[in-house]
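Student: So the sequence lines, in the order shown, correspond to chains A and B. Every letter in the first sequence is one number past the one before it in our numbering, and letter 181, counting from 1, is 181. Every letter in the second sequence is one number past the one before it in our numbering, and letter 27, counting from 1, is 812.
Take these hints with a grain of salt, some might be off.
Claimed, not checked - Where chain A lies over chain B, by a calculated footprint (3+ residues, C-beta under 8 angstroms):
1) 811–825
2) 836–849
3) 871–879
4) 884–898
5) 917–929
What the hints assert, rightly or not - Lysine to any residue pairs mimicking SDA-like chemistry, simulated, CA-CA at most 25 angstroms apart:
6) A:Lys122 - B:Gly804
7) B:Lys815 - A:Lys633
8) B:Lys796 - A:Thr24
9) A:Lys309 - A:Arg212
10) A:Lys11 - B:Glu879
11) A:Lys571 - A:Ser627
12) A:Lys122 - B:Glu814
13) B:Lys796 - A:Asp28
14) B:Lys933 - A:Pro672
15) A:Lys185 - A:Pro351
16) B:Lys815 - A:Gly33
17) B:Lys933 - A:Gln723
18) A:Lys633 - A:Leu736
19) A:Lys122 - B:Asp826
20) A:Lys591 - A:Ala618
21) A:Lys13 - B:Lys933
22) A:Lys122 - B:Met847
23) A:Lys48 - A:Ala178
24) A:Lys11 - B:Met847
25) A:Lys13 - B:Ala934
Everything labelled a hint here was simulated from the structure, so no lab data went into it. Only a predicted model underlies this, so the values are computations on that prediction, with no experimental measurement involved. Quick reminder that beta carbons are idealized off the backbone N, C-alpha and C, glycines included.
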Amino acid sequence: MAQGGIGSSVKRKEDARFLTGRGTYVDDIVRPGQTHAVFVRSPHAHAKIKAVKTAEALKAPGVVAVLTGADLAADKVGNLPAGWLIHSKDGTPMVEPGHMALVADKVRHVGDQVAVVVAETKDQAREAAALVEVDYEPLPAMVGLAQAIAPGAALVHDQAKANTCYDWHLGDKAATDAAFAKAHKVVTLDLVNNRLIPNAIEPRAAIGEFDRVTGDLTLYTTSQNPHLIRLLLSAFTMGVPEHKLRVVAPDVGGGFGSKIFHYAEEFVTLWAARRIGRPVKWTATRSEAFMSDAHGRDHVTHCELALDKEGRFLGLRERTLANMGAYLSQFAPSVPTYLHATLLAGCYTTPAIYSEVRAVFTNTVPVDAYRGAGRPEATYLIERLVDVAAREMGMDRVDIRRKNLIPKDKFPYQTPVALQYDSGDYQATLDAALKKADWAGFEKRRAEAKARGKLRGIGISTYVEACGIAPSAVVGALGGRVGLWESAHVRVHPTGSITIFTGAHSHGQSHETTFAQLAAEKLGVSTDQVEVVHGDTAKSAFAMGTYGSRSLAVGGTAIVNAIDKIIAKGKKIAAHLLEASEGDVDFKDGKFTVRGTDRAKAFGEVVLAAYIPHKYPANLEPGLEESAVYDPKNFTFPAGCHICEVEIDPDTGVTQVIAFTAVDDVGTVINPMVVEGQVHGGVAQGIGQALLEGAQYDDQGQLLSGSFLGYTMPRAGDLPSYQVGTEVTACTHNPLGVKGVGEVGAIGSPPAVIGAVCDAIGVRHIEMPATPERVWRAIRDAKKA
Amino acid sequence: MPSISLRVNGKSVRAEVEGRTLLVELLREKLALTGTHVGCDTSQCGACTVHVDGRSVKSCTMLAVEADGREVTTIEGLAGADGKLSPVQAAFAEHHGLQCGFCTPGMVMSATDLVRRNPGATEAQIREWLEGNLCRCTGYHNIVKAVKAAAQAGGK
Numbered sequence: 001m002a003q004g005g006i007g008s009s010v011k012r013k014e015d016a017r018f019l020t021g022r023g024t025y026v027d028d029i030v031r032p033g034q035t036h037a038v039f040v041r042s043p044h045a046h047a048k049i050k051a052v053k054t055a056e057a058l059k060a061p062g063v064v065a066v067l068t069g070a071d072l073a074a075d076k077v078g079n080l081p082a083g084w085l086i087h088s089k090d091g092t093p094m095v096e097p098g099h100m101a102l103v104a105d106k107v108r109h110v111g112d113q114v115a116v117v118v119a120e121t122k123d124q125a126r127e128a129a130a131l132v133e134v135d136y137e138p139l140p141a142m143v144g145l146a147q148a149i150a151p152g153a154a155l156v157h158d159q160a161k162a163n164t165c166y167d168w169h170l171g172d173k174a175a176t177d178a179a180f181a182k183a184h185k186v187v188t189l190d191l192v193n194n195r196l197i198p199n200a201i202e203p204r205a206a207i208g209e210f211d212r213v214t215g216d217l218t219l220y221t222t223s224q225n226p227h228l229i230r231l232l233l234s235a236f237t238m239g240v241p242e243h244k245l246r247v248v249a250p251d252v253g254g255g256f257g258s259k260i261f262h263y264a265e266e267f268v269t270l271w272a273a274r275r276i277g278r279p280v281k282w283t284a285t286r287s288e289a290f291m292s293d294a295h296g297r298d299h300v301t302h303c304e305l306a307l308d309k310e311g312r313f314l315g316l317r318e319r320t321l322a323n324m325g326a327y328l329s330q331f332a333p334s335v336p337t338y339l340h341a342t343l344l345a346g347c348y349t350t351p352a353i354y355s356e357v358r359a360v361f362t363n364t365v366p367v368d369a370y371r372g373a374g375r376p377e378a379t380y381l382i383e384r385l386v387d388v389a390a391r392e393m394g395m396d397r398v399d400i401r402r403k404n405l406i407p408k409d410k411f412p413y414q415t416p417v418a419l420q421y422d423s424g425d426y427q428a429t430l431d432a433a434l435k436k437a438d439w440a441g442f443e444k445r446r447a448e449a450k451a452r453g454k455l456r457g458i459g460i461s462t463y464v465e466a467c468g469i470a471p472s473a474v475v476g477a478l479g480g481r482v483g484l485w486e487s488a489h490v491r492v493h494p495t496g497s498i499t500i501f502t503g504a505h506s507h508g509q510s511h512e513t514t515f516a517q518l519a520a521e522k523l524g525v526s527t528d529q530v531e532v533v534h535g536d537t538a539k540s541a542f543a544m545g546t547y548g549s550r551s552l553a554v555g556g557t558a559i560v561n562a563i564d565k566i567i568a569k570g571k572k573i574a575a576h577l578l579e580a581s582e583g584d585v586d587f588k589d590g591k592f593t594v595r596g597t598d599r600a601k602a603f604g605e606v607v608l609a610a611y612i613p614h615k616y617p618a619n620l621e622p623g624l625e626e627s628a629v630y631d632p633k634n635f636t637f638p639a640g641c642h643i644c645e646v647e648i649d650p651d652t653g654v655t656q657v658i659a660f661t662a663v664d665d666v667g668t669v670i671n672p673m674v675v676e677g678q679v680h681g682g683v684a685q686g687i688g689q690a691l692l693e694g695a696q697y698d699d700q701g702q703l704l705s706g707s708f709l710g711y712t713m714p715r716a717g718d719l720p721s722y723q724v725g726t727e728v729t730a731c732t733h734n735p736l737g738v739k740g741v742g743e744v745g746a747i748g749s750p751p752a753v754i755g756a757v758c759d760a761i762g763v764r765h766i767e768m769p770a771t772p773e774r775v776w777r778a779i780r781d782a783k784k785a
Numbered sequence: 786m787p788s789i790s791l792r793v794n795g796k797s798v799r800a801e802v803e804g805r806t807l808l809v810e811l812l813r814e815k816l817a818l819t820g821t822h823v824g825c826d827t828s829q830c831g832a833c834t835v836h837v838d839g840r841s842v843k844s845c846t847m848l849a850v851e852a853d854g855r856e857v858t859t860i861e862g863l864a865g866a867d868g869k870l871s872p873v874q875a876a877f878a879e880h881h882g883l884q885c886g887f888c889t890p891g892m893v894m895s896a897t898d899l900v901r902r903n904p905g906a907t908e909a910q911i912r913e914w915l916e917g918n919l920c921r922c923t924g925y926h927n928i929v930k931a932v933k934a935a936a937q938a939g940g941k
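Bound-form chain B, shown alone:
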């Protein structure tokens, strides 16, 4: 089995993985980082979104071996060391951008990438960006509101 080294949420990780192991399986099953969720098998729902080298990636679409030598951030690594929520996390709580919480980690990771890239994102741009993240609870209204607020607050 190939051996890989990567950094996950700021910590060095070594793991033996099969060639077919997906990044999301490595995170959930080997590293017990269960905040990253699996909601489909066709790379449509975005519940598994994480950051690889700072960019949002659907972790069901990437092999674990492809993450060798790279920097991965999951929802567990987004808040500050003191537990302070990131601006996007805080905005989701403030604007009721989540209900059942299942799509939330992927939404937050995706939105975090957006507000870093485009802090002035308009509502239309936010809706277009979130095309790859499905939510069945909120009707997106409060998610969009939260992302907009986070963008205006300076993102991160």
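Isolated chain A, as found in the complex:
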């Protein structure tokens, strides 16, 4: 194995700059002559705008411009597009109301952008923003899902009748109903998948810049996918061709999905920069982030599981109301549909599944992909149903799962909801997790806790997810308006160092290290010789960026394919230098050798020959750099088993997670240290969803949990140390055998936590977040019953 190659826990190349304060995040950048933007945001959830008066603000010290929706309309720019088209059951396309970057007609959520003030300093912009006077005529706020679809509800968008964006379904209804008709037992459950606020610790920020001489526009922005932002700016919001647009996403401080989308503010900084001819900078305050970053989850679901006498699953059906918020964020329509209902087989052999999803507009912040996006919602409802089924059938929670897991000899496995899983061994991850968590020894620990006056419970979840998104043709057939391939360019420099240009973006994922390991493995070089460049449309070729645990499975495959082209060319050069036939040349451990002889050329010698081609094949171009693009053949399907153990104080309802075990199959592991870190972070977000986090609106649409004072972020003291392990079945359709690890922690963990809470207090179900108040009430209600 090459030093630092696949499978070794190489220390991160990115750490030196981050640990010494030399990272460069957007807010750290200062452009010459830069001005500062502050947005005027709606204090109302739903109101007509009668007038926007800017005269006083324009007179304030330092103000350069005050721009409103009327200015956008005059310039015919600024309509943010949706990236996915869903069709309703009856074949009609979803309602696409449009989303103006500054609204002129009416505001639809607290925080909606009405105007922007640009001034010499941030303080001046803030002070002048307070002088912009907006006359509002308040309208009834549609906050909850039930309220928004009730007869006579006020309309968030006039064209969306009953506030419905689409009413969609998937699966064979007749077959599923038939399965339920013959069932021995039907288990039903109503549950809520709570609305979450992503809260990457770096708030969003943007700097727009306009070059008066060339007409070139540059946007620095906190994005997971700068090329996608450039495409949307070009084709939709700005209408400027790509060759005049550059988008740079430098170091980005976490994303978790919330930095995928093309947001109003980044467009506005660029548009304002063009209007005033100077750079315009905007950085969100945390309070703004709460009311303007796309939120996640927010499903209200009724679900049912049909079982036979032995506890085998015969059918599953569900009806979900999915909150879209006030506007369609880019990928919002796909999250409760193709990223959710297609996962409803989970890791089980359930033969018949039917899902109905109605997407609803409300006067709340738009909802879109957040770590896991649709798959945590699917996993949660399946695993909660399975737990309740075990309880009501009098079966053991592990036995009922074991009985229904897809056996390892059944792959590739076609589910009844479109997906075909390529590989997996669900019994193996289950067995490993049970052992690691000492499931068998739990009752002893429960008794010991009881002696201390604590209620101890254990919960389990077995899951599969679909990631490595995604085959472009499949995505297109399902309504996606983009391709989802990835690009790579590998440049070997004359003296042997290597630059990898990737379209994937690293905002915590450690690509600068793990992608370098791919080159180390394949070319026999040290990772120190390899630099990974990302995050700048002027440097890397067009590609789709980082989300859906796709960077390695799709982007990494593109890198490997480019490296294979380098090796193929190197063999031609080596054959010429060694006076051998190309077919007799092998490449291994950084050396080209002639089979059956001791003749060899080191990689470095061949590289040098490519650039100083004094002795060189006649029909070969000098130089050594190659590009590749990779469009995946299928999704990848990580899977695993998570086990959680909690202790509850019955007097206060406070739940403490005592132990958390995760055994995941994420395919081939490139860097175990990085993989474990990704699982830790995902599990923390899952525990956060299960016990702590939840966006709260009042009935007027005011976001009560609008800061870190009101929204419970997981802190170090809320979380345990985790036990993490991996089992490997290789993905069968990419050369590395990799599946993806970014989201598994957030997908597998919430049902394990809730299962543990239910087990501790002996209830059938408890809603997330299981706050001390909810738990305390559940304990009290159980006693009464």
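Chain A is already provided as a structure; the job is to place chain B on it using the hints.
Tutor: For chain B alone, kept in the frame of chain A given last:
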């Protein structure tokens, strides 16, 4: 505008600041020390943590004028003059205690104060101490591991 003198990372600094200027604004905007980050507006996240006279302080919670005459250390001033990482910085790299890097400067400054004060800190004490520093990437596991290792290695 008030004029203040202080030492930042061992160097004398004079600056004219408005009364309302926060220490973090002085550091980031006037002194271009952008390693100190701002992650919230309610003094909850701790990304802006620096040392004032050797003790960790959230620099969004302190006015620049309050730093007059005092000694401020930021993440840029933690490594040795030769570039050698401090024990806490080195432990974060060794134990993968950072991912996106945004909360890291505040975490490292806060942890550095802890291991100086309590070199024998237990896991529970470390978790309690870090209550004022939010991280969304690591789930804290490797941060706690790094701080423990640094404490055992003698801190600083």
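Student: Taking the hints in turn, state whether each one holds.
Tutor: Hint-by-hint comparison with the structure:
Taking a C-beta to C-beta cut-off of 8 angstroms, the stretch 811–825 of chain B contributes 10 residues in contact with chain A, enough for the three needed, and the coverage statement holds. Check on the stretch 836–849 of chain B: 0 of its residues sit with their Cβ under 8 angstroms from a Cβ of chain A, so the three-residue criterion for coverage is violated. Coverage of a stretch by a chain is defined here by at least three residues with a beta carbon nearer than 8 angstroms to that chain's beta carbons; for the stretch 871–879 of chain B and chain A the count is 4, and the condition holds. Here's how the stretch 884–898 of chain B fares: 8 of its residues keep a CB closer than 8 angstroms to some CB of chain A, so the rule of at least three is met and the hint holds.
Coverage of the stretch 917–929 of chain B by chain A holds. Counting CB-CB distances below 8 angstroms, 12 residues qualify, and the rule asks for three or more. A C-alpha spacing of about 16 angstroms is found between A:Lys122 and B:Gly804, which places the hinted pair at or below 25 angstroms, so the restraint holds. At roughly 52 angstroms between alpha-carbon atoms, B:Lys815 and A:Lys633 are farther apart than 25 angstroms, so this suggested pair is violated. Between B:Lys796 and A:Thr24 the alpha-carbon distance is near 23 angstroms, which keeps this suggested pair within the 25 angstroms criterion.
Restraint check for A:Lys309 and A:Arg212: not satisfied, since their Cα atoms lie roughly 75 angstroms apart, outside the 25 angstroms limit. This hinted pair checks out: A:Lys11 and B:Glu879 have alpha carbons roughly 7 angstroms apart, not beyond 25 angstroms. Taking the CA atoms of A:Lys571 and A:Ser627, the gap is about 17 angstroms. The hint holds against a cut of 25 angstroms. With a C-alpha separation of about 11 angstroms, the suggested pair A:Lys122 and B:Glu814 falls inside the 25 angstroms cut-off, and the hint holds.
Using a Cα cut-off of 25 angstroms, the hinted pair B:Lys796 and A:Asp28 holds, with the two alpha carbons roughly 22 angstroms apart. Between B:Lys933 and A:Pro672 the CA atoms are separated by roughly 21 angstroms; this keeps the pair inside 25 angstroms, and the hint holds. Of the supplied pair hints, the one linking A:Lys185 and A:Pro351 holds, its CA atoms being roughly 16 angstroms apart against a limit of 25 angstroms. The hinted pair formed by B:Lys815 and A:Gly33 meets the criterion: a straight-line CA distance of about 15 angstroms does not exceed 25 angstroms.
Note on B:Lys933 and A:Gln723: the hinted pairing holds, with a Cα-Cα distance of about 17 angstroms set against a maximum of 25 angstroms. Between A:Lys633 and A:Leu736, the direct Cα distance comes to roughly 14 angstroms. Compliance with the 25 angstroms bound is thereby established for this hinted pair. With a CA separation close to 15 angstroms, the supplied pair A:Lys122 and B:Asp826 stays within the 25 angstroms bound. For the given pair, A:Lys591 sits about 23 angstroms from A:Ala618 by alpha-carbon distance, which is consistent with the 25 angstroms threshold.
In summary, the hint linking A:Lys13 to B:Lys933 is supported, as the alpha carbons are separated by about 23 angstroms, within the 25 angstroms threshold. For the suggested pair A:Lys122 and B:Met847, the alpha carbons sit about 19 angstroms apart, so the restraint of at most 25 angstroms is met. The suggested pairing of A:Lys48 with A:Ala178 is violated, with an alpha-carbon distance near 50 angstroms, which exceeds 25 angstroms. Straight-line distance between C-alpha atoms of A:Lys11 and B:Met847 comes to about 36 angstroms, which puts the hinted pair past the 25 angstroms bound.
Our distance criterion of 25 angstroms between C-alpha atoms is met by A:Lys13 and B:Ala934, whose separation comes to about 21 angstroms.
In this structure, the hints that do not hold are numbers 2, 7, 9, 23 and 24, in rising order.
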